[in-house]
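> Can you make the complete structure from the sequences, with help from the hints?
Going by numbering that gives the first Met the number 0, the residue at position 121 of the sequence shown is 120; the numbering climbs one at a time, nothing skipped.
Any given hint might turn out to be false.
Below 27 Å or equal to it, Euclidean Cα-Cα: the simulated DSS-like pairs (lysine-lysine) are [claimed, not checked]:
no.: 1; residue 1: K258; residue 2: K273
no.: 2; residue 1: K69; residue 2: K13
no.: 3; residue 1: K261; residue 2: K273
no.: 4; residue 1: K273; residue 2: K310
no.: 5; residue 1: K126; residue 2: K97
no.: 6; residue 1: K198; residue 2: K69
no.: 7; residue 1: K71; residue 2: K97
no.: 8; residue 1: K13; residue 2: K105
no.: 9; residue 1: K100; residue 2: K126
no.: 10; residue 1: K69; residue 2: K126
no.: 11; residue 1: K198; residue 2: K126
no.: 12; residue 1: K71; residue 2: K100
no.: 13; residue 1: K231; residue 2: K310
no.: 14; residue 1: K231; residue 2: K258
no.: 15; residue 1: K71; residue 2: K13
no.: 16; residue 1: K198; residue 2: K231
no.: 17; residue 1: K262; residue 2: K231
no.: 18; residue 1: K105; residue 2: K69
no.: 19; residue 1: K126; residue 2: K105
no.: 20; residue 1: K258; residue 2: K198
no.: 21; residue 1: K69; residue 2: K231
no.: 22; residue 1: K97; residue 2: K62
no.: 23; residue 1: K13; residue 2: K231
no.: 24; residue 1: K261; residue 2: K198
no.: 25; residue 1: K97; residue 2: K262
no.: 26; residue 1: K13; residue 2: K261
no.: 27; residue 1: K310; residue 2: K258
no.: 28; residue 1: K71; residue 2: K105
no.: 29; residue 1: K273; residue 2: K262
no.: 30; residue 1: K273; residue 2: K198
no.: 31; residue 1: K100; residue 2: K62
no.: 32; residue 1: K262; residue 2: K198
no.: 33; residue 1: K13; residue 2: K198
no.: 34; residue 1: K100; residue 2: K69
In short, the hints are calculated from the structure, not lab data.
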Amino acid sequence: MKTNRICQILGIEKPVIQGPLSWLTDARLVAAVSNAGGLGVLGPNAGLTAETAVSTPEETAEKMREEIRKTKRLTEKPFAVNLIPTPQNDIWTPGILKVIKEEAVKAVVYTGYGEGAIIPALFAELKAAGVAIIYRDINPTPENSREAERAGADIIVATGFDEGGTLPGTVLGTFSIVPMIVDAVEHVPVLAAGGIVDKRTARAAHALGAEGVFAGSVFISTEESRVPQSVKEKIVAANGLDLSLFRTLPDYYRSLPGKLAKKLVEMDSAGASKEEIGRVMGGLRGLRLGMLEGNTDEGYISLGTGIGGIKAITRVAEVVEQLTA
Numbered sequence: 000m001k002t003n004r005i006c007q008i009l010g011i012e013k014p015v016i017q018g019p020l021s022w023l024t025d026a027r028l029v030a031a032v033s034n035a036g037g038l039g040v041l042g043p044n045a046g047l048t049a050e051t052a053v054s055t056p057e058e059t060a061e062k063m064r065e066e067i068r069k070t071k072r073l074t075e076k077p078f079a080v081n082l083i084p085t086p087q088n089d090i091w092t093p094g095i096l097k098v099i100k101e102e103a104v105k106a107v108v109y110t111g112y113g114e115g116a117i118i119p120a121l122f123a124e125l126k127a128a129g130v131a132i133i134y135r136d137i138n139p140t141p142e143n144s145r146e147a148e149r150a151g152a153d154i155i156v157a158t159g160f161d162e163g164g165t166l167p168g169t170v171l172g173t174f175s176i177v178p179m180i181v182d183a184v185e186h187v188p189v190l191a192a193g194g195i196v197d198k199r200t201a202r203a204a205h206a207l208g209a210e211g212v213f214a215g216s217v218f219i220s221t222e223e224s225r226v227p228q229s230v231k232e233k234i235v236a237a238n239g240l241d242l243s244l245f246r247t248l249p250d251y252y253r254s255l256p257g258k259l260a261k262k263l264v265e266m267d268s269a270g271a272s273k274e275e276i277g278r279v280m281g282g283l284r285g286l287r288l289g290m291l292e293g294n295t296d297e298g299y300i301s302l303g304t305g306i307g308g309i310k311a312i313t314r315v316a317e318v319v320e321q322l323t324a
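Encoded structure:
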């Protein structure tokens, strides 16, 4: 049997990486993914609620430390933390990076947004600390994938427009972007992201040249997920045709039906600017309200187009098994 490079690099058993999912992650979900053989990832605001949310870099870093330690109590397997560095005035990354090194976290999902997202000095610091780098650019291209590889990325994520959450500005589906990125890089393995929810879509990703999958929506509807039962039931009952697409910052989002989602689509149709729509959308506050609190009057439920393949609320271990069947 051919050795899987994703598993080798990350020290895991199955090449399944759970997307960071911001507010929707916590120690329980992340540990469940890692215990099932994949790699769980703590996203920004992991484990927090509106009441426990913090605003200073120091507090944010310490809250992440708490969630890392909670995760360690639930699993002895590797897991990762999400980093979203910015080229200028980045007050958040230094504190999180310090915690990652002090807590001996084995890997990061390094999210790249726009020009200057690949910071060679940060790559070098992570590599020196023995931290594996999974690089995920919001707009993957052959050029930024090769640049990330040269900077020291261990794994590249090729994200298609089929994904949930913050969508790429380049409207290329997973079937188009994955082979493009696989062909572009020279030595590093590629993960496929966008619309992957079951064994059929996972097999398709591997057929396109990916060596593993990077999945988000399918973990939101699991038993171990912290989202309310009402949101999980909406996910299971829906398919991709139920999702509404609208422009916003930085480019696009999509959502299941709700009062806010309807308003955002109407604003888009009426020609409102992305900035105007973004203000009404409320950024990640809208995600927290819609997905963590089930309030679709003031929030949104953002998912990938593959949700029609999610047939039931199942345990994380079953999802990981499906994605590696």
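> None of the hints should be skipped; say for each whether it holds.
Okay, the hints, checked on the actual structure:
Proximity of K258 to K273 is assessed by CA-CA distance (about 19 Å); at most 27 Å being required, the pair is judged to hold. For the given pair, K69 sits about 23 Å from K13 by alpha-carbon distance, which is consistent with the 27 Å threshold. Distance hint between K261 and K273 is fulfilled; the C-alpha atoms sit about 16 Å from each other, no more than 27 Å. Pair hint K273 plus K310 does not hold up; C-alpha atoms about 34 Å apart against a cutoff of 27 Å.
Restraint check for K126 and K97: the C-alpha separation of about 14 Å stays at or below 27 Å, so the hint holds. A distance of roughly 31 Å separates the Cα atoms of K198 and K69; the hinted pair therefore is violated under the 27 Å criterion. Only pairs whose Cα atoms come within 27 Å are accepted, and K71 paired with K97 is accepted, the gap being roughly 17 Å. In summary, the hint linking K13 to K105 is supported, as the alpha carbons are separated by about 16 Å, within the 27 Å threshold.
Only pairs whose Cα atoms come within 27 Å are accepted, and K100 paired with K126 is accepted, the gap being roughly 11 Å. Taken as a hint, the K69 and K126 pair is honoured in the structure, with Cα atoms around 25 Å apart against an allowance of 27 Å. Only pairs whose Cα atoms come within 27 Å are accepted, and K198 paired with K126 is rejected, the gap being roughly 33 Å. With a CA separation close to 14 Å, the supplied pair K71 and K100 stays within the 27 Å bound.
About 11 Å separates the Cα atoms of K231 and K310, which keeps this hinted pair within 27 Å; it holds. Taking the CA atoms of K231 and K258, the gap is about 18 Å. The hint holds against a cut of 27 Å. For the hint linking K71 to K13, the alpha-carbon distance of about 19 Å falls within 27 Å, and the restraint holds. In summary, the hint linking K198 to K231 is supported, as the alpha carbons are separated by about 20 Å, within the 27 Å threshold.
Under the criterion of a C-alpha separation no larger than 27 Å, the hint pairing K262 with K231 is consistent with the structure, at around 23 Å. For the hint linking K105 to K69, the alpha-carbon distance of about 16 Å falls within 27 Å, and the restraint holds. For the proposed pair K126 and K105, the alpha carbon gap of about 11 Å is at most 27 Å, so the pair holds. Under the criterion of a C-alpha separation no larger than 27 Å, the hint pairing K258 with K198 is inconsistent with the structure, at around 34 Å.
About 24 Å separates the Cα atoms of K69 and K231, which keeps this hinted pair within 27 Å; it holds. In summary, the hint linking K97 to K62 is supported, as the alpha carbons are separated by about 13 Å, within the 27 Å threshold. The straight-line distance between the Cα atoms of K13 and K231 is roughly 25 Å, inside the 27 Å bound, and the hint therefore holds. A hinted pair counts as satisfied when its Cα atoms are at most 27 Å apart, and K261 with K198 does not qualify at roughly 33 Å.
This hinted pair does not check out: K97 and K262 have alpha carbons roughly 41 Å apart, beyond 27 Å. A distance of roughly 39 Å separates the Cα atoms of K13 and K261; the hinted pair therefore is violated under the 27 Å criterion. Restraint check: the Cα-Cα separation between K310 and K258 comes to about 25 Å, which is no more than 27 Å; the hinted pair holds. As the CA atoms of K71 and K105 are separated by approximately 12 Å, the hinted pair is consistent with the 27 Å bound.
Under the criterion of a C-alpha separation no larger than 27 Å, the hint pairing K273 with K262 is consistent with the structure, at around 13 Å. A hinted pair counts as satisfied when its Cα atoms are at most 27 Å apart, and K273 with K198 does not qualify at roughly 36 Å. A distance of roughly 15 Å separates the Cα atoms of K100 and K62; the hinted pair therefore holds under the 27 Å criterion. This hinted pair does not check out: K262 and K198 have alpha carbons roughly 36 Å apart, beyond 27 Å.
A threshold of 27 Å between alpha carbons decides the hint, and for K13 with K198 the separation of about 13 Å falls inside it, so the pair holds. Restraint check: the Cα-Cα separation between K100 and K69 comes to about 16 Å, which is no more than 27 Å; the hinted pair holds.
Violated hints for the displayed structure, listed by number in ascending order: 4, 6, 11, 20, 24, 25, 26, 30, 32.
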